[in-house]
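Asks: Okay, here's what each chain looks like letter by letter:
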Amino acid sequence: MIGIIDYKAGNAPSVLSAVTHLGYDAELVNTPDRLLEMSHIIIPGVGSAGATMNSLKELNLVDAIKTAVLDYKALFLGVCVGMQILFDYSEEEDTDCFGFLPGKVVCFDRSKVRVPQMGWNKVCFKKGVGYEARDGYFYFVNSYHAVPEDEGHIWGVSEYDGLFAAAVCKENIFGTQFHIEKSGEAGLKLLNGFLSLKRGDASC
Amino acid sequence: MLTKRLIACFDVIGDRVTKAVKFQDNIDVGPAEELAKIMYDEQIDELLFYDITASAEKRKINIDMVKRVAKCVFIPFAVGGGIKNLSDMHEVLKAGAEKISIDSMAVRNPSIIAEGARAFGSQCIILSTQVKRVEKSDKIPSGYEVYIDGARVATGMDAIEWIRRGQELGAGEICINSIDNDGTVSGYDINLMKMASEAVSVPLIASGGAGKPGHLKELFTQTAAQAAIISSMLYSPRLERNYKVAELKEYLMGENIPVRPPVA
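Chains P and G, in that order, give the protein sequences.
FYI, in my numbering the residues of the first sequence are 1 to 204.
FYI, in my numbering the residues of the second sequence are 1001 to 1264.
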């Protein structure tokens, strides 16, 4: 079963409609017990890293997410802020995050570019993840971006104030800084690839 | 590289799209959901729906329409009209919209911008404003005045001051609608957009006046606008010739303006 984490600030309904449009059964999840039954988990992102971590704490989902990801090896996809909280730490509101991927999250350089980045940007994919990801244009809305410590975790790159990690992947853990659910047919294709993976398929 | 966005804007009455000239004489174009799907298939970058009578009729926006649109288009879309408070915003976002556009309501109650930005993030809040050219004065030094309620009511506020304040309050994007140029197909108000570009650093959307592809080039090369609203060009039955999204993008690519290229 595919679970989409439904927390206060997230846009879970939009992600759900993209997933069901692709022909998959999915449900919105906001309890630890149900979360642990999922083969695929998507955490949508809207808003700030601090608010997202607080919502997850309020729902008592932090430990369940860790168990699902690290012990059960559920296929996990973090979108936008959902990708940022995969890292150790975010400078946004000085927030401690999950630390599934080593690295931190920093703000774009306001002296170089308009912040937030808002719109369609090109993503080039760097490595295989168990399915084919095609370079293309995806929809971003972000002021902050991840800086992975291990470059091997960078799945796709994009350019704004410089090159930045637009998508990351480590084993069963995936993240897209862009809104995969709002990136037109390119986003739907990429999402379909993730949903079609079986536990143990991901090879990155 | 971040690309320039083309946004199709729909003035909705009930659940049908209409087209006006200078905010008046709306004629029917078709059902909102159907047009949204056509625009999605044509690879427009974003959609914007204004429920143009919701505010005046003191009723809420058509949430069912928002939900139906969210089920068939997978690009960002914003909704505006009749949004008064956080609970209205929440309802629209839960229905599947990414962004909320506030206009007249923000003039009446500017704190709604800050409250919305705090609750849902700045990226959700578009401050949209209707602007008309006037004599420069002490009160309106830029020579552009803010109007509300379908361009019917002058506010005495300076438009450039207002967008600066909107950014401070937390608006994540600012959409500037030129009342003088709306539906005239004579081009965007470039002077206005230049002044706005200098005044704020959040992304700017220009609206009002686009009638041919060259108008987009003017906007994107002469101002810092990141997005352009096009509607007459796409579907106005009043225009002799409508354009496909792909046609506009190919033109812009030929002019070295970065856009999301159409994919076959």
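What the hints contain is simulated information worked out from the structure, not anything from laboratory work.
There's no promise every hint is true.
[Unchecked claim] Chain G regions said to be covered by chain P (calculated; three or more residues, Cβ under 8 angstroms):
{"#": "1", "stretch": "1086-1093"}
{"#": "2", "stretch": "1121-1129"}
{"#": "3", "stretch": "1196-1204"}
[Unchecked claim] Here are the simulated lysine-lysine pairs, DSSO-like style, with alpha carbons at most 30 angstroms apart:
{"#": "4", "chain 1": "G", "residue 1": "K1037", "chain 2": "G", "residue 2": "K1094"}
{"#": "5", "chain 1": "P", "residue 1": "K122", "chain 2": "G", "residue 2": "K1084"}
{"#": "6", "chain 1": "G", "residue 1": "K1094", "chain 2": "P", "residue 2": "K57"}
C-beta atoms are modelled at their ideal positions from N, C-alpha and C, and glycine is treated no differently.
Asks: Compare the structure with each hint and give your call.
Replies: Against the structure, the hints:
For the stretch 1086-1093 of chain G, the assignment as covered by chain P is violated, since 1 residues bring a beta-carbon within under 8 angstroms of that chain's beta-carbons and 3 are needed. Here's how the stretch 1121-1129 of chain G fares: 4 of its residues keep a CB closer than 8 angstroms to some CB of chain P, so the rule of at least three is met and the hint holds. Chain P is given as covering the stretch 1196-1204 of chain G, and this holds because 3 residues of the stretch bring a CB closer than 8 angstroms to a CB of that chain, at least three being needed. Distance restraint check for K1037 (chain G) and K1094 (chain G): the Cα-Cα separation of roughly 20 angstroms lies within the 30 angstroms cut-off, and the hinted pair is therefore satisfied.
In summary, the hint linking K122 (chain P) to K1084 (chain G) is not supported, as the alpha carbons are separated by about 36 angstroms, beyond the 30 angstroms threshold. The suggested pairing of K1094 (chain G) with K57 (chain P) holds, with an alpha-carbon distance near 21 angstroms, which does not exceed 30 angstroms.
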